[in-house]
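Engineer: The residues making up each chain are set out below.
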Amino acid sequence: MSARERILARVRAAARHSTPPPAPFVPGPRRSDFGAFAELLVAAGGEAHGPFGASELPARVADRCRSWSAGARTLASAAALARLGAGPWAPVPEHDDPHSFADVSVAILCGAFGVAENGAVGLDGREARPRALPVLCERLILLLDTSALVPDMHAALARVSGEALAHHHFTFVAGPSKTADIEGALVLGAHGPRALAVFGVVG
Amino acid sequence: MSAALDRRALELLPRGARLGAHDAAVFALREKRDAAGTSEPDFEPLRDHARALKAHALDHLGLLLERFEARASAAGAVVHWAEDAPALNRIVHELLDARGARRVVKSKSMLTEECGLNPYLESRGIEVIDTDLGERIVQLGHEPPSHIIMPAIHRTREDIGELFARELDVPAGETDPARLTEAARRHLRAHFLGADAAITGVNFAVAESGTVVVVTNEGNADLGMSLPKLHIACLGIEKVIPGLGDLAVLLRLLARSATGQPLSVYTSLVTGPRPGAELHVVLVDNGRTRLLADDAHRRALGCIRCGACLNTCPVYRRAGGHAYDFAIPGPIGAVLAPALGGSAERRALPLASTLCGSCSAVCPVRIDLHEQLVAWRATDLPRGRAERVGARLAAAVLARPVLYGVAGRVARGLWPALSRRWPGNPASPWLASRELPAHPGASFRTRWRAKTSAERGHERSGVGS
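These protein sequence lines are chains F and C, in that order.
Note that the working numbering numbers the first sequence so that position 62 is 66, with each residue one more than the last.
Note that the working numbering numbers the second sequence so that position 103 is 914, with each residue one more than the last.
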C-alpha cells in the first residue's frame, strides 16, 4: 500500500460521524459604497482616491506617480493603459523572467472588485502578470470600478469564478505590505509595496 | 506541572523587564481581537458556523482529500502524501535535489517547524532562508519561533538591533523598528531574487477547486511563489475544506482573531503552477489521523492557527513560547502535543495549564480547548514523581476533613518562611519574579463559622433581611 492509501484508510477508519454541512452563512446587511470601502482601506494603511470620472482619472494617477518617483520605472497593464492613455508609464513588457521586474518602482493594475468589509481588492491572475509584479514593485496603484464593490467576503468569493482560478492565482490585496514582528510596532513595506493607492473609477 | 516547562519558563524571567513586555505585547493582540470581534456583528455567528463547517469537513475528510487531489492535479499541481515528518522531509529534499536547487526561500509554516524540515535540508547542504521577518529574526538568533503568528514576540527591539548589527548591514545601537525592518527587507530581497525554490505553508486547501490558500501580511509568500520556478506547498491533511463559501467564513475569522485586522494584507488563492513553473503540494499526516480517531480530541483538528488562544493564556503569556519546546505553543499546542509531539515531555504539556477556559472563550472555531486538556489529563500522561506523590497526598488530605484542617494549620505556620527567599525554599523559583499572596490568617472554615454565626445574630435581632 502507498502512503496515500494508508493515510486515506486511516482517515476513513476514523470517520464515525456524519455531521451535515451547515446551511450557507447569511451575513448581516452592510454598506458597499466606495466610502465604506475607502475607510477600511485607509485603516489598513492604504490610500483611497476618488472616485473619479474617466476623463479626470489619468491626470490624477499621473500626479500620484510623479509625487512618488520622478522618472523611475512605472509600468501599467494593458487594461490600465486602456483607461489611462499615454502618461508617465510604460506598458508591462512581455518577458519570461520575473526577475527582470525587480527594479519597478510603480505598477498600475486594474482590480477585479473591491470588498467593503475589509478594504481588499481582488486581483485576477490574468491581470497581475507577471505574478511577481504587484509584490516586487515599490508602490502599487490599483484602479477599481466603483460598480465592482461587494459588501463582504461571501460575495467576494462567490465572484471568484472557476475561470479566474484557472489562471494560477487570485489574490486579495488589503493594503501595503506590512509587519509588526519587532515588538508589535507596525511598519509598512516589509517585503512588497511600501504603499498601495486605490483609485475609484465611475462610469 | 511539567517540570521541564517550569524550567524553560524561568529562562524568560532573568531577562528583566521582558516578562512584562512579553505579557503586554501578547495581550495587546487579544485586545485587538476583542475590538475586531465586537465591532463586527457577524463575528459570533461566524464562529458558530466555522465550528459546524469544520466538524462537517473533518467527518468527510477522506472524500475532501481525494477531491482536492483530483482537482489540484487537473490544474497541473503534483500532489504528494507524507505519513510522517521523515517522509515530508524526504519528499521535499528529493524535489529540491532532483532540480539542483540549493537556495530556498521559505514562508511561515508551523507544519514544517513541527517536522524539523529546516535542519533536515540544511544538513544536506541546502540553504533555507526563512522570509517572514519574525522567523528570520529567530533563525538568525538560532532559536525556534515562540509564537505561531509573531515568531519573535519574546525579543525586544534592542535584542533585534544587536542581532542585526552582528548579522546584517545595520549600525550598532540601532533600535528603530522601521530602520531594522528596512535592513531586513534589503537582505531578504536579495535572497528572494537569488532563490532556486520556494517552500510555503498553506492556511486552507479548497477541495472543490484544488486551490491552496496562503495568507501573509508581509507578502513574503507571494514573492517566494512568484520568482523561482519551483513552489512546494506543505500542509496538514486537516486543512482541506469543501468550497470557496467555507473559505469566506474562515478568512473572515482568521485575521480578526489573530491581529484584529478584518483581513490579512495578502490572501493568495493558488490553483496549479504559473506558466513555466512547477507546483508541488505535500499532504502530511504526522499523527493527525491519530487525533481524528480520538473522539475526545478530533475537534482540535479544526484549528486555523490564529494564535488567539496563546494571546489570552495566562500560562503562555508568562512562560513564553519556548517553554513548551513544541512547534505550536500555548493551549492548542498543549492539546496537539500528546498526539503530534513525540517526546514524553511534550506529551505532558496538558498538565501545564490552569484550565481557566480563556482559550475556549476566544477560539474562532469554538474548540473546547480546556475540556480537551482535561480529557488528556484523564489519560496515561507521563507524570513526574513529585506530581504523582503530590496528587496522591492531596487526594488523601482532601478526603479527610480532620487531616485537611491540620494541613491548613501547618501551611499557615510555614507561610512566612515560604514567602522569603532562602536557599532550599522550594518556592524560590516562583519568588524570583513574584510574591506569594498573603494568607488570610484563619482557615476558611473558621471564617465561615464566624460569618454565619454573625448573620444569624443579625437575623435574631431583626437587622437582617
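For the record, the hints were derived by calculation from the structure and aren't laboratory data.
Check the hints yourself; a few may be wrong.
With the C-beta cut set under 10 angstroms, the calculated list includes, among others, these residues of chain C facing chain F [to be verified]: (1) Gly873; (2) Ala976; (3) Glu978; (4) Leu979; (5) Pro982; (6) Ala983; (7) Gly984; (8) Pro988; (9) Arg996; (10) Asp1057; (11) Ala1107; (12) Gly1268; (13) Glu1270; (14) Arg1271.
Cβ atoms here follow ideal geometry from the backbone N, Cα and C, with glycine treated the same way.
Engineer: State for each hint whether it applies.
Structural biologist: Outcome of the hint check:
no. : hint    : verdict
1   : Gly873  : 4 angstroms, holds
2   : Ala976  : 14 angstroms, violated
3   : Glu978  : 15 angstroms, violated
4   : Leu979  : 13 angstroms, violated
5   : Pro982  : 16 angstroms, violated
6   : Ala983  : 17 angstroms, violated
7   : Gly984  : 15 angstroms, violated
8   : Pro988  : 4 angstroms, holds
9   : Arg996  : 6 angstroms, holds
10  : Asp1057 : 9 angstroms, holds
11  : Ala1107 : 13 angstroms, violated
12  : Gly1268 : 56 angstroms, violated
13  : Glu1270 : 52 angstroms, violated
14  : Arg1271 : 58 angstroms, violated
Comparing the model with each earlier hint shows violations of hints 2, 3, 4, 5, 6, 7, 11, 12, 13, 14; every other hint is respected.
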